[in-house]
Amino acid sequence: MPDLGDLPAHRPLPATVRRDARRRLQAGLAPRSGRAVVGALALALTVLAVPLGAAVLTVGSRTDVTPAAGAEIPQLQAVPPEQMFDARSGAPRDAARRCTAAGGREAARWQPILTVSARGDTVVAYRTGSGARFCELTPATVALSAAASAAGDGTPRITYVSALGTVAGVTGPGTGDVTVFDPGTPDPMTESGNPAVTRDGVFVLPNTFSGTIGSLRLTAGATSIVVEAADLPRAVTPRTDRPQPAGDASSAAGRGLADCLGGATPPIVDPHAWQPGAVLALNDNERILLGRYHDLLAVCVRRGAPGAPGTPTVTVDEGGASSGLRTAEADGNALFFTRTVFYGFRATSQGASASDTVAVTGLVKDPRVATVSISRPHRAAVTAPVTGGTFILPGIGLNEGAGPDGDRSRISALDSQGRPLGSAMISS
Amino acid sequence: MTYSIGLGDIVVHPGVALVASAADEDLWPLITAGHHGAFTVLYERHAEAVWNYAYRLTASWSEADDLLSVVFLTAWRRRRDLRLVHGSALPWLYVVTTNVCRGERRRLARLFRALPRLLAPDTPDHAERLAEHDAAGDRLRRVLAAVDRLPRAEREAVQLCLLGGTPVADAAAMWGISASSVHSRLARARARLHDLVLEDPDA
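The listed protein sequences derive, respectively, from chains A and B.
289 is the number that the numbering used here gives to position 289 of the first sequence; each next residue is one higher, with no gaps.
52 is the number that the numbering used here gives to position 52 of the second sequence; each next residue is one higher, with no gaps.
Check each hint, because a few of them may be wrong.
[Claimed, not checked] A few chain A residues that face chain B, going by a derived Cβ cut-off under 8 Å, partial list only:
no., residue
1, Asp6
2, Pro12
3, Ala15
4, Ala95
5, Ser149
6, Phe181
7, Val227
8, Asp356
9, Arg379
10, Thr383
[Stated by the list, open to error] Short derived list, chain B residues pointing at chain A, Cβ under 10 Å:
no., residue
11, Thr32
12, Tyr55
13, Ala64
[To be verified] Derived coverage of chain B by chain A (criterion: at least 3 residues anywhere in the stretch with Cβ under 8 Å from a Cβ of chain A; other residues may be distant):
no., region
14, 69–80
15, 139–148
No lab work stands behind these hints: they were computed from the structure.
Predicted, not measured: the structure shown is a model, and the values here were computed from it.
Beta carbons are placed, not taken as given, at the ideal position from N, Cα and C, and that holds for glycine.
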């Protein structure tokens, strides 16, 4: 009989093996830039184009960049800046109309390069006879940068910052992706900062940083530049060109929402126009307040001692990629979108806090929806009314349905008569 | 460059500290929600155990080197299935390792069948042959050849508990069965391994 008691002893993991595996793991975690995607496509086409014998060699050579000989790297999901900021060429008609109106007569000759958006903030980059200009729009306001051109050596230069936490600038046409790091903004997407949408000599990061931008670090390829606050362009004061109805500032919910939104990072667009939505005390220490502005959902979670106002944490969601991966949200649909919030954190023996309980908050896009209900494997359904176009479904356990069939739950939208209007799956 | 976009998916309590000492159960909800930093902590903690386990399933240190990152990338992709057993993610990572090894062998078998003339099966270089041609490795290969012939339930019990060193109680919790069932599978596996040796003395 094979001796199962005489197995080779455990070995310490060599540092080089650990490091190489970590590098491959991080390569799987890293976002794939447009250039990398093009490169991958080119490689794929090359492989298809060569004879089979050469293809086998190509597979072998891929071991330099893949974890196992010939194995395909399972790429992890990540949101590249082009997707996160919904980058598109040119400018939407309404945005172009507002920007050119703000630019005066000469604006008719401006050429739109690209448009990016996040959380109700839209930036259009223009090529003009005197350089690049950036036009920033919210539903209510417009702001326009001065024209600026790239330095002769193509070094990236910041030419526009705004109180909405937007940073934009110019760079050489051959410059690679630009990343901007703001020491004052928590949770940068990467160690070197937040990747900008970079295209045709401009880079833009809309509604990303805090409202008062200090010094910034720009990274483009191997080049890294620190731009001191004094060297940044002065923030342009926006002009209201589309006045919006004022939000509810008189009710307790309205005042509570305004208190939350005032300190958000990145700043909230048109903060005085938001309407309060559903409010729910999750427990003695945590409370959720929702707000709505057009199809934007603000989720404010206040945490603090019982009776105290608590510290607010605000997230603005528009149902797209601008708030990151939507891995624990309802599938896209025409009735509503969701934003999952963890709460009920408990202290652990290691001094950290942990939670596997979420509240599924959301915004309703169809006015017929009166209530929403989430069904869960082996648990009673949770139902919530729609308040101000928003809802909160509390007490959802992350792992409550774990098992061979997964833990997918379904959210259903119901009208005022309780008739189902539609539903979407959610991984909770 | 480490992408930590997963932070955007959750609202993290200000007291959350992603430190190396954070327990698996602290990391678990963050990983499930897509937090890259938390997953990296899990990798650093369990990489050595997974690497050794991969060796015990393949009898090849070079294969274990390659499998290490594949296992963790697969674990990331399947993080919603992550299960803690008595507070540890290691038993689940062992299951992922077992599945990855089995899938990799199937893939290679298909490749060899499809390309018999173009790809010589397994021609390690001289240095690797020398490094791996040790008595312990030979013994392990004989063990694995016999274990591969076991029925699935028994094979998985042997892999997880005897090759991986997972306590029977943890394996039972992992599979949702009683500890006595695991003991029973192991006993049957030992008996069958004994019979296999009688059938094939070279095993």
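Okay, the hints, checked on the actual structure:
Satisfaction of the interface hint for Asp6/A is found here, the shortest Cβ-Cβ separation to chain B being roughly 6 Å, below the 8 Å cut-off. Against a cut-off of 8 Å between C-beta atoms, the interface hint on Pro12/A holds, since the closest Cβ of chain B lies about 7 Å away. Hint status for Ala15/A: violated, given a least beta-carbon distance of 11 Å to chain B, over 8 Å. A distance limit of 8 Å between C-beta atoms decides the matter here; for Ala95/A the minimum to chain B is near 25 Å, and the interface restraint is violated.
Taken as an interface hint, Ser149/A does not check out: its beta carbon lies about 29 Å from the nearest beta carbon of chain B, beyond 8 Å. At about 11 Å, the closest approach between the beta carbon of Phe181/A and any beta carbon in chain B exceeds 8 Å, and the interface hint on this residue is violated. Given the 8 Å rule on beta carbons, the hint for Val227/A is violated: about 20 Å separates it from the nearest Cβ of chain B. Because the closest C-beta pair between Asp356/A and chain B is about 4 Å apart, less than 8 Å, the hint holds.
Because the smallest distance between the Cβ of Arg379/A and any Cβ of chain B comes to about 17 Å, over 8 Å, the interface hint for this residue is violated. This hint is violated: Thr383/A has a C-beta 23 Å from the nearest C-beta of chain B, more than the 8 Å allowed. The closest approach between the C-beta of Thr32/B and any C-beta of chain A is roughly 6 Å, which is under the 10 Å cut-off, so the hint is satisfied. Of the supplied interface hints, the one on Tyr55/B holds, with its beta-carbon coming within about 7 Å of a beta-carbon of chain A, less than 10 Å.
At its closest, the beta carbon of Ala64/B sits 8 Å from a beta carbon of chain A; the interface hint therefore holds under the 10 Å criterion. Interface restraint, the region 69–80 of chain B with chain A: holds (8 residues with C-beta to C-beta distance below 8 Å; minimum three). Coverage of the region 139–148 of chain B by chain A holds in this model, with 6 residues showing a Cβ closer than 8 Å to a Cβ of that chain against a need of three.
Violation of the numbered hints given earlier is confined to hints 3, 4, 5, 6, 7, 9 and 10; the remaining hints are satisfied by the structure.
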